[in-house]
Amino acid sequence: MKQDRDIQLFIGSLLRWGVLLSMAVVIFGGIVYLYRHGHSIIDYTTFKGQPAMTTNLSAIINGIFTFRGRSIIQLGILLLIATPIARVLSSAIGFIAEKDYLYTGIALTVLAIIAVSMLGGFGG
Amino acid sequence: MTVLILTLIILIGAYAAGLVGSLTGLGGGVVIIPLLTLLLHVDIHYAIGASLVSVIATSSGSAAAYVKEGITNMRLGMFLEIATTSGAITGAIVAKYLPVQYIAILFGVVLIFSAAMSLRKKVEYIEEKKSVLAEKLKLNGSYPVNDKPVAYNVNNVGGGFLMMVFAGAISGLLGIGSGALKVVAMDGLMRVPFKVSTTTSNFMIGVTAAASAVVYLQRGYIDPGLSMPVVIGVLLGAFTGSKILVHSQSKKLRYFFAVVVTILAIQMIYKGVSGTL
Chain R
1 MKQDRDIQLF
11 IGSLLRWGVL
21 LSMAVVIFGG
31 IVYLYRHGHS
41 IIDYTTFKGQ
51 PAMTTNLSAI
61 INGIFTFRGR
71 SIIQLGILLL
81 IATPIARVLS
91 SAIGFIAEKD
101 YLYTGIALTV
111 LAIIAVSMLG
121 GFGG
Chain V
1 MTVLILTLII
11 LIGAYAAGLV
21 GSLTGLGGGV
31 VIIPLLTLLL
41 HVDIHYAIGA
51 SLVSVIATSS
61 GSAAAYVKEG
71 ITNMRLGMFL
81 EIATTSGAIT
91 GAIVAKYLPV
101 QYIAILFGVV
111 LIFSAAMSLR
121 KKVEYIEEKK
131 SVLAEKLKLN
141 GSYPVNDKPV
151 AYNVNNVGGG
161 FLMMVFAGAI
171 SGLLGIGSGA
181 LKVVAMDGLM
191 RVPFKVSTTT
201 SNFMIGVTAA
211 ASAVVYLQRG
221 YIDPGLSMPV
231 VIGVLLGAFT
241 GSKILVHSQS
251 KKLRYFFAVV
261 VTILAIQMIY
271 KGVSGTL
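Protein sequence lines correspond, in order, to chains R and V. Sequential numbering from 1 applies to the first sequence in my numbering. Sequential numbering from 1 applies to the second sequence in my numbering.
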């Protein structure tokens, strides 16, 4: 199946560029974070959750505009988490193009499960 | 400790974890968690969150190469992702209610199991028997052996699917890829050739981890200051490992690492039982 091969090559590139882009953002954010807070004292021995500027999207965006290292890192991590999800989405589109409705349905089911996980309020 | 020093220590440790994880086939996650919790006394929830992020990076990075080579069975992977992502959500929910001691003990047990699995002989097996369900789901495939496509059949779809729900749950609960369990499902139960099992398992790990990462993110497990050196270090270590792996496949080295990992696992179990984590 030639079309299958096209999807494989596209997905391969998508995964590679997704990882490279998110790593570049994480490294950049890391440099900003170390520059601003390198000499602060940090303690991870007790669980206190994440810093407030990194828990939701609007806080992260706000943090990026005020040039906060940890918000930039968190954006990179979000891009990283989005990479395999984008892979499922693009294979769903590929299956539609192939008129493989069984696998279009399967890919959409996987996306639906992730949506439930994201919006289901399991964070609490 | 200052941020700068801790970041450097974690970066070096994560690099080593990624390297060992790649050389043994265990994955970086199962090595970085004991390193963070036992040596640096990081809270296990932070360790699990950071590890899960690094798992997505290494899985996606290496899947990129395997998918292009055409070894990965994408349909089989997509179908089984229904099982692993459902399991992953369940695991991420349970993680909130399960006391830390039990998480540590379970982690140790999975670690020992994975170490034992990494030592086992790898036999390429081609299944001739046909399963009706696998045919209906178009799961049978072919993969290149010496540049020639070899066809194989997939069996025991139901059993493999159930095993994948379990593998996903362990992944969501412990913040690891649980590649060893996925390979058991595909290679052991569904009789998929070993090479196809490992690459397809790796292909699925990213999505599975993403499904629980979105829960972890909302719960505050993913601390950017900690995740940054972990993900960079593990990814670089895994990349180095994949380059070395092509040149040498030393048996002694595998045994050595399996012993090291087992010692870490026993310590995790001990800390869990004694409640000192």
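There could be a bad hint or two in this list.
[To be verified] Capping the alpha-carbon separation at 30 Å, the derived lysine-lysine pairs in DSS-like fashion look like this:
#: 1; chain 1: V; residue 1: Lys195; chain 2: V; residue 2: Lys68
#: 2; chain 1: R; residue 1: Lys99; chain 2: V; residue 2: Lys271
#: 3; chain 1: V; residue 1: Lys122; chain 2: R; residue 2: Lys99
#: 4; chain 1: V; residue 1: Lys68; chain 2: R; residue 2: Lys99
#: 5; chain 1: R; residue 1: Lys48; chain 2: V; residue 2: Lys96
#: 6; chain 1: V; residue 1: Lys122; chain 2: V; residue 2: Lys195
#: 7; chain 1: R; residue 1: Lys48; chain 2: V; residue 2: Lys195
[Unchecked claim] Using C-beta positions, here's what the derived DEER-type ranges look like:
#: 8; chain 1: V; residue 1: Leu8; chain 2: R; residue 2: Thr46; range: 33 to 41 Å
#: 9; chain 1: V; residue 1: Val260; chain 2: R; residue 2: Arg5; range: 37 to 45 Å
#: 10; chain 1: V; residue 1: Glu128; chain 2: R; residue 2: Gly49; range: 47 to 55 Å
#: 11; chain 1: R; residue 1: Ala52; chain 2: V; residue 2: Tyr97; range: 22 to 30 Å
Simulated from the structure, these hints should not be mistaken for lab results. The beta carbon of each residue, even a glycine, is placed where N, CA and C say it ideally should be.
Now the hints, each set against the structure:
no., hint, in the structure
1, V:Lys195 <-> V:Lys68, "holds, 14 Å"
2, R:Lys99 <-> V:Lys271, "violated, 54 Å"
3, V:Lys122 <-> R:Lys99, "violated, 37 Å"
4, V:Lys68 <-> R:Lys99, "holds, 22 Å"
5, R:Lys48 <-> V:Lys96, "holds, 14 Å"
6, V:Lys122 <-> V:Lys195, "holds, 9 Å"
7, R:Lys48 <-> V:Lys195, "violated, 42 Å"
8, V:Leu8 <-> R:Thr46: 33 to 41 Å, "violated, 22 Å"
9, V:Val260 <-> R:Arg5: 37 to 45 Å, "holds, 41 Å"
10, V:Glu128 <-> R:Gly49: 47 to 55 Å, "holds, 54 Å"
11, R:Ala52 <-> V:Tyr97: 22 to 30 Å, "holds, 24 Å"
Of the hints listed earlier, those the structure fails to meet are numbers 2, 3, 7, 8, in rising order.
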